[in-house]
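Here is how the chains run, residue by residue.
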Amino acid sequence: MDERDFATLEKMIHPDLVSDMPQSGERTVGFAGFRAQLEQYPGGGVQNPVATDARLLADAERWAITPAYTVVPLAGRKEFTVLFRAQYPDGRWWHMLTLVELRDEKIYRTVNYFAPEMPAPLAESIAAYQHG
Amino acid sequence: MPESKQDFFRRYVQAIAERDFTTLETMIHTDYVGEYPQSGERFRGFAALRFQLEQYPGGLPAADFDEARTKVLGEEERWAISPGYTVLPLTGPERFTTVSRAPYPDGSRWWVVSIITLKDDKVWRAETYFAPEFEPPEWRKGMVEIVPRG
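Quick mapping for you: the protein sequence lines, in order, are chains A and B. According to my numbering, the first sequence is numbered sequentially starting from 1. According to my numbering, the second sequence is numbered sequentially starting from 133.
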């Protein structure tokens, strides 16, 4: 995403991708819509370096040894939370949180949240936040 | 039957929404640290958590809290059977992501996303983000579907 490397991205995106932005109610279906958003972001979208403080919150693949000494993958939903901080063309910094569900080793569902940096105390900043 | 993590977090979010500090205190670890990365604020211990909830400018309208929109992402307790047929809990941080939608005194609605780590079955670390609702921008029209927010 950082480098707009769409050839690589397309291999990582499930053909049935559904990507939601609950803050605006927007939903993107499929890779083409996902790509169009990245390409057409006003001002070129987030600036390099796009991701600072990027973190992935999830356990790595987990394995267990059965009584018969067979190694088996533990069942579990392939859900991950990705956090990163990015700067937009207007200079503002936002924290981005993406809840990702994998299927067939590809990105199948994402739910994306965008949280602006604001002065402390945050409660007062939220109360004074100008929407729109 | 022990309480599931899903139920634990629903009770936790509900206790915050209703300012049920008696319940909340039983769920918070004595070494609790909460962070708001958007503003860089950090607060330690239950008293600080309670204080900032009580002091919120304009108060928080608990009655409108959108419980139906609360989600918990994370796995339940995981267990493995050892070669000696002993059932063992798997190690690893018990980390969960909770998502809820909350109204604020000015009528706006915000999505609240918390990354929570449990210790001793209590909330030990909480990193919370607040994301405002916004109108879909013009430039994305035609590229996206609109899902009613309710």
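Be aware that a few hints might be false.
Stated by the list, open to error - Using 20 Å as the maximum straight-line C-alpha spacing, the simulated SDA-like pairs for lysine to any residue come out as follows:
hint: 1; chain 1: B; residue 1: Lys251; chain 2: B; residue 2: Pro189
hint: 2; chain 1: B; residue 1: Lys137; chain 2: A; residue 2: Arg27
hint: 3; chain 1: B; residue 1: Lys273; chain 2: A; residue 2: Phe114
hint: 4; chain 1: B; residue 1: Lys137; chain 2: A; residue 2: Ser24
hint: 5; chain 1: B; residue 1: Lys203; chain 2: B; residue 2: Thr162
hint: 6; chain 1: B; residue 1: Lys273; chain 2: A; residue 2: Lys11
hint: 7; chain 1: A; residue 1: Lys78; chain 2: B; residue 2: Glu277
hint: 8; chain 1: B; residue 1: Lys251; chain 2: B; residue 2: Tyr164
hint: 9; chain 1: B; residue 1: Lys273; chain 2: A; residue 2: Leu102
hint: 10; chain 1: B; residue 1: Lys203; chain 2: B; residue 2: Asp163
hint: 11; chain 1: B; residue 1: Lys254; chain 2: B; residue 2: Pro189
hint: 12; chain 1: B; residue 1: Lys137; chain 2: B; residue 2: Trp242
hint: 13; chain 1: B; residue 1: Lys203; chain 2: A; residue 2: Leu102
hint: 14; chain 1: B; residue 1: Lys251; chain 2: B; residue 2: Ser136
hint: 15; chain 1: B; residue 1: Lys203; chain 2: A; residue 2: Pro22
hint: 16; chain 1: B; residue 1: Lys254; chain 2: B; residue 2: Leu185
hint: 17; chain 1: A; residue 1: Lys78; chain 2: B; residue 2: Thr230
hint: 18; chain 1: B; residue 1: Lys203; chain 2: A; residue 2: Lys11
hint: 19; chain 1: B; residue 1: Lys203; chain 2: B; residue 2: Arg174
hint: 20; chain 1: A; residue 1: Lys78; chain 2: B; residue 2: Arg227
hint: 21; chain 1: B; residue 1: Lys203; chain 2: A; residue 2: Pro42
hint: 22; chain 1: B; residue 1: Lys254; chain 2: A; residue 2: Pro22
hint: 23; chain 1: B; residue 1: Lys203; chain 2: A; residue 2: Met1
hint: 24; chain 1: B; residue 1: Lys137; chain 2: A; residue 2: Lys11
hint: 25; chain 1: B; residue 1: Lys273; chain 2: A; residue 2: Leu17
hint: 26; chain 1: B; residue 1: Lys251; chain 2: B; residue 2: Glu150
hint: 27; chain 1: A; residue 1: Lys11; chain 2: A; residue 2: Phe114
hint: 28; chain 1: B; residue 1: Lys273; chain 2: A; residue 2: Pro22
As the list claims (entries may be wrong) - Sample of chain B residues with no beta-carbon within 10 Å of chain A, all distances over it, derived:
hint: 29; residue: Asp139
hint: 30; residue: Pro189
hint: 31; residue: Arg233
Hints listed in this document are in silico derivations from the structure and should not be mistaken for laboratory results. Computed from a predicted structure; not experimentally measured. Glycine included, every Cβ here is placed at the ideal spot set by N, Cα and C.
So, going through the hints one by one against the coordinates:
1. B:Lys251 - B:Pro189: Violated, at roughly 31 Å.
2. B:Lys137 - A:Arg27: 29 Å, violated
3. B:Lys273 - A:Phe114: 19 Å, holds
4. B:Lys137 - A:Ser24: 29 Å, violated
5. B:Lys203 - B:Thr162: Violated: Lys203 (chain B) and Thr162 (chain B) sit about 25 Å apart, past 20 Å.
6. B:Lys273 - A:Lys11: The given pair, whose Cα atoms are some 26 Å apart, is violated under the 20 Å limit.
7. A:Lys78 - B:Glu277: 25 Å, violated
8. B:Lys251 - B:Tyr164: Measuring from Cα to Cα gives roughly 9 Å; hence the hint holds.
9. B:Lys273 - A:Leu102: The given pair, whose Cα atoms are some 27 Å apart, is violated under the 20 Å limit.
10. B:Lys203 - B:Asp163: The given pair, whose Cα atoms are some 25 Å apart, is violated under the 20 Å limit.
11. B:Lys254 - B:Pro189: Violated - the C-alpha atoms of Pro189 (chain B) and Lys254 (chain B) are around 28 Å apart, more than 20 Å.
12. B:Lys137 - B:Trp242: 24 Å, violated
13. B:Lys203 - A:Leu102: 18 Å, holds
14. B:Lys251 - B:Ser136: Judged against 20 Å, a Cα distance of about 15 Å means the pair holds.
15. B:Lys203 - A:Pro22: Since the Cα atoms of Lys203 (chain B) and Pro22 (chain A) sit roughly 13 Å apart, the hinted pair holds (cutoff 20 Å).
16. B:Lys254 - B:Leu185: 19 Å, holds
17. A:Lys78 - B:Thr230: 16 Å, holds
18. B:Lys203 - A:Lys11: 29 Å, violated
19. B:Lys203 - B:Arg174: 24 Å, violated
20. A:Lys78 - B:Arg227: Holds, because 14 Å separates the two Cα atoms, which is no more than 20 Å.
21. B:Lys203 - A:Pro42: Distance of about 32 Å is beyond 20 Å: violated.
22. B:Lys254 - A:Pro22: Status violated; Cα separation ~29 Å.
23. B:Lys203 - A:Met1: 27 Å, violated
24. B:Lys137 - A:Lys11: 35 Å, violated
25. B:Lys273 - A:Leu17: Holds: Lys273 (chain B) and Leu17 (chain A) sit about 19 Å apart, inside 20 Å.
26. B:Lys251 - B:Glu150: 24 Å, violated
27. A:Lys11 - A:Phe114: 25 Å, violated
28. B:Lys273 - A:Pro22: 16 Å, holds
29. Asp139: 18 Å, holds
30. Pro189: The claim is violated: Pro189 (chain B) sits with its nearest Cβ about 5 Å from chain A, within 10 Å.
31. Arg233: Incorrect as stated: the minimum Cβ-Cβ distance to chain A is 8 Å, not above 10 Å.
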